[in-house]
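Colleague: Position chain B with the ligands relative to chain A; hints supplied.
Residue-level listing of the chains:
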Amino acid sequence: MNLRRIVGNLQVEAVYNSEIKDNTVIKGCYIGDLLSNVMAHAKSGDIWITVQSHQNVVAVAQLLNLPAIIFVDGHKPQQETIEKAEQEGIYLFATEETAYNIAASLYSLGVGRSEK
Amino acid sequence: MKKNKEQLLIKDVMNEGVVSVHPEASVQEAKDIMRSRGFSGIPVIDKDNCLLGIISVADIIRALENDALEALVKEYMTSRVITINANASVGQALRLFHNHKFGRFPVVNNEGEVVGIVTHGDVIGRLAVFLGIDEEPLDEEKEQEPINKEFIPQIFEYPIRALDFDRTGEGASSLKKILAELGVSRDIVRRSAIAAYEAEINVMIHAREGKMTANISPQEITIIVEDQGPGIDNIPLAMRKGYSTAADKFRQMGFGAGMGLPNIKKSADKLFVENTCKGLRLIIKIMPEKIA
Ligand SMILES: Nc1ncnc2c1ncn2[C@@H]1O[C@H](COP(=O)(O)OP(=O)(O)O)[C@@H](O)[C@H]1O
Ligand SMILES: [Mg+2]
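Top to bottom, those sequences are chains A and B. Quick note, in this note's numbering, the first sequence goes up one by one and the last residue is 116. Quick note, in this note's numbering, the second sequence goes up one by one and the last residue is 1292.
None of these hints come from the bench; they were simulated from the model. Predicted, not measured: the structure shown is a model, and the values here were computed from it. One should not assume that every hint holds.
What the hints assert, rightly or not - Derived SDA-like pairs: lysine to any residue, alpha-carbon spacing no greater than 20 Å straight-line:
no. : chain 1 : residue 1 : chain 2 : residue 2
1   : A       : K43       : B       : S1185
2   : B       : K1211     : B       : D1187
3   : B       : K1266     : A       : V51
4   : A       : K43       : B       : A1180
5   : B       : K1249     : A       : T98
6   : B       : K1249     : A       : D33
7   : B       : K1211     : B       : R1167
8   : B       : K1266     : A       : E86
9   : B       : K1285     : B       : D1269
10  : B       : K1265     : A       : V51
11  : A       : K27       : B       : K1265
12  : A       : K43       : B       : K1177
13  : B       : K1177     : A       : G45
14  : B       : K1177     : A       : Q78
15  : B       : K1249     : A       : Q78
16  : B       : K1249     : A       : V51
17  : A       : K43       : B       : D1187
18  : A       : K27       : B       : D1269
19  : B       : K1241     : A       : K27
20  : B       : K1249     : A       : N37
21  : A       : K43       : B       : K1265
So that you can see chain B by itself, here it is in the shape it has in the complex:
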């Protein structure tokens, strides 16, 4: 049964089996219960199921300091206890946690009997489940990327052919896969992928054909993209964000935003753009060791 947020009540999120301690028990006993159950506080309840107080780690420490583990729980407990009604909303509980610095509140029914206990973690945890935000994010850090700092330098070559328009991007794709397999860090893989992709697309839409070569070593990835095209007359102008001479048919496909060279520049630690006798050459250097 699905409930509205408004209807999520304390009785839905509380822990029902209450572990409590008798007021006449010794502090030592309370301490042992807390240790064995891993609780940092337990309610003190008498035989009439009447809530008298709560004994927490802080109270136990006070007893320890006084060398008074044999003393009675009722002498060391905190008797001013704030409780919450089982029919209160989780919102009210959150406010209570916020206003008081207690980690847990005993939950009472309308008769004042203790029916459960609720901790801050219970509320947040159940709320997360309720809202569906409890799944572990695929945290990149947590996923522990196996960074490999020692591999044999490799050379990767990929021809970029004018007729393979549909396959453009595959050079960058293959390079990405190789880098990932070598154990290069995610950030470096991403930056290399972006730079290689944009350079590859540029060859396809502005030149005719070309070649991508990547020299991959643990210290440096150098991607060289050379083409047989018209080259660039005004390189500083071409480097500007938004500058593009791409044909309409390419723009309709989402190319030609004039962001390719700027993206390459941003991804690279070093970028050289030069005209050759045949066309254009880009030399893109990305250095894993360099801290940006």
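If we strip away everything but chain A, and leave its shape as in the complex, we get:
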């Protein structure tokens, strides 16, 4: 599902302003704060929900082709994280909501459920 459509239906705010490209498609979702778990289990095209806000998350997202990261529970990414994400073209969103609520919304939007 197109990322633009997803964020239009979620209680999240863009961390930096940028036009979401048309072909940014989200295929699933992974939730995790342990980077090695994310490395092992997140799949290309997943949107990543985390509370880790340091710039290493951008490296993880870039390595795994995760198009976007949502920082939940009110966590805000650090300035260097934002700059690096802009450079790498990874979209960042932040929310006061819990990971559970965001994931539930994604699920009801149909994220990760369309194939089959």
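Modeller: What follows is chain B with the ligands alone, placed relative to chain A:
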């Protein structure tokens, strides 16, 4: 105007312009209409707009077998027609498609006049649009990855410096970009990226500094990560999932799950972990040709 799922009716998804054929027309004419319009069945409707039957490819084949293309449509059509009301829900239509093996149903209004036709594909397609699941998934297979099996072997080197904590992962990032540009398959790029990343992080959090070297050829990618650190006393123990001696400050950042070495092992076709006089050396081999 947005409607509820419950309110999505057949009249919202049906095709309105009905292409029909007269009962007195010949099978040949019906066949020509079907061929030119690409339909596999059309309703048979008389001049009073009364639905008499449906003629499908199967009926045409029967006529062909009898060498009877000149016969009348009404002689070959299927007259027991199941219709669906324009005000029925798409759910009812799906059930109908499921229960009967017909590919299409004529849609009638309360007066029994044919007002449209609905196919299984119409229902599913419109439902997908309605639910917003109609977008083409960025299918990796479909995206046609350009796998390049012939490129000149390359050597990639990247220093891992103790003070560059914030930049850790960049060695793996650069390696990933190089592999992708060379046209290495996605799975191999992913596995190389995971292994290189974990090894790079380990140097940063457990040793001091080190170096990543990758020998890249179409047959084999060898990633060597060497550091100047304490090495590992008990290698089998360190290889266990969840085993970690990482400092708290790293754990708070999400490192130190004790999954790094296991992740490397899983991503590699071959892994050698050895202590050197200076620290630790990992030799990670990933072989594109090998079918796991
Ligand atoms: N380069 C290294 N130098 C010294 N010790 C290491 C190195 N890499 C790994 N180790 C040891 O192996 C353990 C397990 O590593 P790993 O599976 O990557 O887990 P983690 O890095 O999360 O602790 C580490 O906690 C550490 O004790
Ligand atoms: Mg590790």
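Colleague: I'd like to know which numbered hints this structure contradicts. Please list them from smallest to largest.
Modeller: 2, 3, 5, 8, 10, 11, 14, 18 and 19
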